[in-house]
Amino acid sequence: MTSSLISDSVNVNPVIIRNILIQLQKADIITVKRGTGGISLNRKIENINLLDIFNAVESLDNNKLFSFHENPNKKCPVGSRINDILQPKLDDVQNAMEKELKKTTLKDIYEKLKN
Numbered sequence: 293m294t295s296s297l298i299s300d301s302v303n304v305n306p307v308i309i310r311n312i313l314i315q316l317q318k319a320d321i322i323t324v325k326r327g328t329g330g331i332s333l334n335r336k337i338e339n340i341n342l343l344d345i346f347n348a349v350e351s352l353d354n355n356k357l358f359s360f361h362e363n364p365n366k367k368c369p370v371g372s373r374i375n376d377i378l379q380p381k382l383d384d385v386q387n388a389m390e391k392e393l394k395k396t397t398l399k400d401i402y403e404k405l406k407n
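Residue numbers (our numbering): 293 to 407.
Do not rely on the hints blindly, as some may be mistaken.
Claimed, not checked - Quick list of in silico lysine to aspartate or glutamate cross-link-like pairs, EDC-like style, CA-CA up to 20 Å:
| no. | residue 1 | residue 2 |
| --- | --- | --- |
| 1 | 404 | 353 |
| 2 | 391 | 344 |
| 3 | 399 | 353 |
| 4 | 356 | 390 |
| 5 | 404 | 392 |
| 6 | 318 | 344 |
| 7 | 381 | 362 |
| 8 | 381 | 392 |
| 9 | 336 | 384 |
| 10 | 356 | 384 |
| 11 | 394 | 344 |
| 12 | 395 | 350 |
| 13 | 336 | 383 |
| 14 | 399 | 320 |
| 15 | 391 | 350 |
| 16 | 391 | 338 |
| 17 | 318 | 353 |
| 18 | 394 | 350 |
| 19 | 318 | 362 |
| 20 | 395 | 383 |
| 21 | 336 | 320 |
| 22 | 381 | 403 |
These aren't lab readings, by the way, just hints derived from the structure by calculation.
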């Protein structure tokens, strides 16, 4: 499969697909061969989960999905405490999301697409 075929399938510019493919290749999820060589997976589909893909294509600041302004007004009763109050909840949300992504493999997606 080529980046042009993928871009036609999802209806986005091929450059976006190529950038994502570069990220997936850097994460050792795929191999890309120039020209008509196409794209191949480096692992079996049951051994690639959505968290692997998410981590390959998303860059998180300090491994955090949610981040706050780093210099809130220390004199403000809200700004000075909001990070400490919200961050544990947002960490829980991130952990739950990552757990769900890890449970779903490319094979799961493939099987649903077949039906």
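Here is how each hint holds up against the structure:
1. A hinted pair counts as satisfied when its Cα atoms are at most 20 Å apart, and residue 404 with residue 353 does not qualify at roughly 33 Å.
2. Taking the CA atoms of residue 391 and residue 344, the gap is about 11 Å. The hint holds against a cut of 20 Å.
3. For the hint linking residue 399 to residue 353, the alpha-carbon distance of about 30 Å lies beyond 20 Å, and the restraint is violated.
4. Restraint check for residue 356 and residue 390: satisfied, since their Cα atoms lie roughly 11 Å apart, inside the 20 Å limit.
5. Restraint check for residue 404 and residue 392: the C-alpha separation of about 17 Å stays at or below 20 Å, so the hint holds.
6. The hinted pair formed by residue 318 and residue 344 meets the criterion: a straight-line CA distance of about 12 Å does not exceed 20 Å.
7. For the hint pairing residue 381 with residue 362, the CA-to-CA distance comes to about 18 Å; that is within 20 Å, so the pair holds.
8. Distance hint between residue 381 and residue 392 is fulfilled; the C-alpha atoms sit about 17 Å from each other, no more than 20 Å.
9. A C-alpha spacing of about 30 Å is found between residue 336 and residue 384, which places the hinted pair above 20 Å, so the restraint is violated.
10. With a C-alpha separation of about 11 Å, the suggested pair residue 356 and residue 384 falls inside the 20 Å cut-off, and the hint holds.
11. Between residue 394 and residue 344 the alpha-carbon distance is near 7 Å, which keeps this suggested pair within the 20 Å criterion.
12. For the given pair, residue 395 sits about 18 Å from residue 350 by alpha-carbon distance, which is consistent with the 20 Å threshold.
13. Proposed proximity of residue 336 and residue 383 is contradicted: the alpha carbons are some 31 Å apart, above 20 Å.
14. For the proposed pair residue 399 and residue 320, the alpha carbon gap of about 18 Å is at most 20 Å, so the pair holds.
15. Taken as a hint, the residue 391 and residue 350 pair is honoured in the structure, with Cα atoms around 16 Å apart against an allowance of 20 Å.
16. Taking the CA atoms of residue 391 and residue 338, the gap is near 16 Å; set against the 20 Å cutoff, the hint holds.
17. Restraint check: the Cα-Cα separation between residue 318 and residue 353 comes to about 19 Å, which is no more than 20 Å; the hinted pair holds.
18. Taken as a hint, the residue 394 and residue 350 pair is honoured in the structure, with Cα atoms around 15 Å apart against an allowance of 20 Å.
19. Simply put, residue 318 and residue 362 have alpha-carbon atoms about 30 Å apart, too far for the 20 Å limit, and the pair is violated.
20. This hinted pair checks out: residue 395 and residue 383 have alpha carbons roughly 18 Å apart, not beyond 20 Å.
21. Our distance criterion of 20 Å between C-alpha atoms is met by residue 336 and residue 320, whose separation comes to about 12 Å.
22. Of the supplied pair hints, the one linking residue 381 and residue 403 is violated, its CA atoms being roughly 34 Å apart against a limit of 20 Å.
Violated hints, listed in ascending order, are 1, 3, 9, 13, 19, 22; each of the other numbered hints is respected by the structure.
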